[in-house]
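*Asks:* Taken in sequence, the protein lines are chains A and B. Quick note on our numbering: the first sequence kicks off at 227 and runs consecutively. Quick note on our numbering: the second sequence kicks off at 51 and runs consecutively.
No lab work stands behind these hints, which were simulated from the structure alone. A virtual CB, placed ideally from N, CA and C, is assigned to each residue, including glycine. Please note that a few of the clues may not be correct.
As the list claims (entries may be wrong) - Here are a few chain A residues that face chain B, going by a calculated C-beta distance under 7 Å:
| hint | residue |
| --- | --- |
| 1 | M231 |
| 2 | A235 |
| 3 | G260 |
| 4 | I277 |
| 5 | S279 |
| 6 | D283 |
| 7 | L285 |
| 8 | A286 |
| 9 | K287 |
| 10 | D289 |
| 11 | G290 |
Claimed, not checked - Calculated Cβ distances over 12 Å to all of chain B for the following chain A residues:
| hint | residue |
| --- | --- |
| 12 | L300 |
| 13 | E320 |
| 14 | S324 |
| 15 | G325 |
| 16 | L337 |
| 17 | G353 |
| 18 | N374 |
| 19 | E408 |
| 20 | Q415 |
| 21 | R425 |
What the hints assert, rightly or not - So the derived label-pair ranges between C-beta atoms look like this:
| hint | chain 1 | residue 1 | chain 2 | residue 2 | range |
| --- | --- | --- | --- | --- | --- |
| 22 | B | Y236 | A | G260 | 40 to 46 Å |
| 23 | A | A378 | B | M95 | 41 to 47 Å |
| 24 | B | N230 | A | P271 | 26 to 32 Å |
| 25 | A | Q243 | B | E176 | 39 to 45 Å |
| 26 | B | R159 | A | A256 | 14 to 20 Å |
| 27 | A | I267 | B | V88 | 32 to 38 Å |
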Amino acid sequence: MPIEMLVTAGIETLLNQLLKADANAVDKIASLKGKVLKVNIAELPKPLYFIFSSQIDVLAKYDGDADCCMDIKLSSLSRLQDSSQFTALIKEGELDMSGDPMVASKFSIILKELDIDWEEHLSRYTGDVAAHKLLQGAKSSQAWLQNNMMIARHNIAEYIIEEIRLAPGALEIANFCDEVAELEQQCKQFEMRLALLSRKEDV
Amino acid sequence: MTDKSNNTTHFGYKTVESDQKVDMVASVFHSVAAKYDVMNDLMSMGIHRLWKRFTIDCSGVRPGHKVLDLAGGTGDLTAKFSRIVGDTGSVTLADINDSMLKVGRAKLRDRGIVGNVTYVQANAEELPFPDNHFDLITIAFGLRNVTDKDKALASMFRVLKPGGRLLVLEFSKPDSEALNKVYDFYSFNILPKMGELIADDGESYQYLAESIRMHPNQETLKGMMETVGFESVEYHNLTGGIVALHRGYKF
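When you get a sec, could you build the whole thing from the sequences and use the hints?
*Replies:* Structure (structure tokens):
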């Protein structure tokens, strides 16, 4: 019992805190008022029910009928962020949906469009200057990290191609592909020539 | 339980006149109302929220239902029920103690929970509602304080619709001896100290610990529910039996 309750409590608190942080989201969630979304995650033993009102309540058990029911694997959960992926997911057999799909897609859009001004919220606890500095710091360290990742990737690629010659370079591959294409062309020409010659022989 | 022959009942470990218990319980809750939520979180280390979540999961409540949250105190369950039953349903928060009711009402209004919630000051033994009225009745951590529990259960049975259910969330008896020891130490040594320190009211929390020990255990309460007419009565032990959720149906 307590584990399930911890899961639903955790998800519920997280969702509602996120919604509260974005003033527009609260209005948007009101458009779903009274709807119930059932999400069956294949890896979890119990479904999750999302009940929409002025906020979201998450239950592990609900006796009423859900307006929309989704069956999905944990691994595909992140793709739900983009509601245009729904049809693709259904075709791939990763997602099964019944009921009113608008409930699910609206919910996904609300979560995707969450626009949270972290600096504003942080400033309430730390003051404006510290919040600004912290976020600036976070942004610049993110940029630094991305930059270094790119350099590292480049260096590793160079080492593999040039130093230990484990993989061919881009130019080599292009050249090889060209040669293959040329060989294919020659093969075709040879086949046609052979066909022509053998026909002459018959005549 | 009330001993009707000489009209006395227990108040914690003390024995008092039956007609005094109501006032004595009332004074406990008048004195803790303001700090009730903080103390609940502290004393149970937040676990009371999980117990209440479990109660909601077991409630089977749906949009349009009529819910009675008895001894609802500061309205934790009412808030959630109000959102689930929606505009077509209704939730009645009833408490015998007007201090608790006021704190509950102020809290729920601050959170924007209005419209489908009504507040009634009522004694669980004499519920002021028509017969067959509610789809669900919950009483969370309240039955313990009622003077005549059998009368209260019968009164709940009367106002419940056929097909409706009663959920009783209440302290009970831990099922392992080791847990019992730790729990006893906690409730008689640490709890009143915490009450003293935070709510400046050690006595009320001493009463809490004592009243929990005097409350009927799982099987006894199940029997009491069956006696007044509830059917398919079952209970779940939560956190090793420190708390138990009893569920019974009226058919």
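*Asks:* Each hint needs a verdict: does it hold in this structure or not?
*Replies:* Each hint tested on the structure:
1. Among the interface hints, the one on A/M231 holds; its C-beta lies about 4 Å from the nearest C-beta in chain B, closer than the 7 Å criterion.
2. Restraint check, A/A235 versus chain B: the minimum CB separation of about 6 Å is within 7 Å; hint holds.
3. Below 7 Å, beta-carbon pairs count as interface contacts, and A/G260 has one with chain B at about 5 Å; its hint therefore holds.
4. Below 7 Å, beta-carbon pairs count as interface contacts, and A/I277 has one with chain B at about 6 Å; its hint therefore holds.
5. The closest approach between the C-beta of A/S279 and any C-beta of chain B is roughly 4 Å, which is under the 7 Å cut-off, so the hint is satisfied.
6. Proximity of A/D283 to chain B holds as hinted, the smallest CB-CB distance being about 6 Å (cut-off 7 Å).
7. Taken as an interface hint, A/L285 checks out: its beta carbon lies about 6 Å from the nearest beta carbon of chain B, inside 7 Å.
8. Because the smallest distance between the Cβ of A/A286 and any Cβ of chain B comes to about 5 Å, under 7 Å, the interface hint for this residue holds.
9. With a least beta-carbon distance of about 4 Å to chain B, the hint placing A/K287 at the interface is held under the 7 Å criterion.
10. Look at A/D289: its Cβ gets to within about 4 Å of chain B, closer than 7 Å, so that hint holds up.
11. Interface restraint check: A/G290 against chain B, minimum CB-CB distance 4 Å, threshold 7 Å, status holds.
12. A cut-off of 12 Å between C-beta atoms confirms that A/L300 is not in contact with chain B; the least separation is 22 Å.
13. Remark: the non-interface label on A/E320 is consistent with the geometry, its nearest Cβ contact in chain B lying 28 Å away (cut-off 12 Å).
14. Distance check for A/S324 against chain B: the nearest CB is about 19 Å away, which clears 12 Å, and the non-interface claim stands.
15. For A/G325, the non-interface assignment is confirmed: its Cβ lies about 15 Å from the closest Cβ of chain B, beyond the 12 Å cut-off.
16. At the 12 Å boundary, the C-beta of A/L337 stays outside the reach of chain B, the nearest C-beta of that chain being 19 Å off.
17. With a cut of 12 Å on Cβ distances, A/G353 stays outside the contact zone with chain B, its closest approach being about 27 Å.
18. Every Cβ of chain B is farther than 12 Å from the Cβ of A/N374; the closest lies at roughly 41 Å, confirming the non-interface assignment.
19. Taking the minimum C-beta to C-beta distance to chain B, about 70 Å, the non-interface status of A/E408 holds against the 12 Å cut.
20. A/Q415, annotated as away from the interface, keeps every beta carbon of chain B farther than 12 Å; the closest lies near 75 Å.
21. Non-interface status of A/R425 relative to chain B is upheld: no Cβ of that chain comes within 12 Å, the nearest being about 82 Å off.
22. Distance hint check: the CB atoms of B/Y236 and A/G260 are about 43 Å apart, consistent with the given range 40 to 46 Å.
23. Between A/A378 and B/M95 the Cβ separation comes to about 45 Å, which falls inside the hinted range of 41 to 47 Å.
24. The given range of 26 to 32 Å is respected by B/N230 and A/P271, whose C-beta atoms sit roughly 31 Å from each other.
25. With their beta carbons about 42 Å apart, A/Q243 and B/E176 fall inside the hinted range of 39 to 45 Å.
26. The given range of 14 to 20 Å is respected by B/R159 and A/A256, whose C-beta atoms sit roughly 19 Å from each other.
27. Checked against the hint of 32 to 38 Å, the C-beta distance between A/I267 and B/V88 comes to roughly 35 Å, which is consistent with it.
Of the numbered hints stated above, none is contradicted by the structure.
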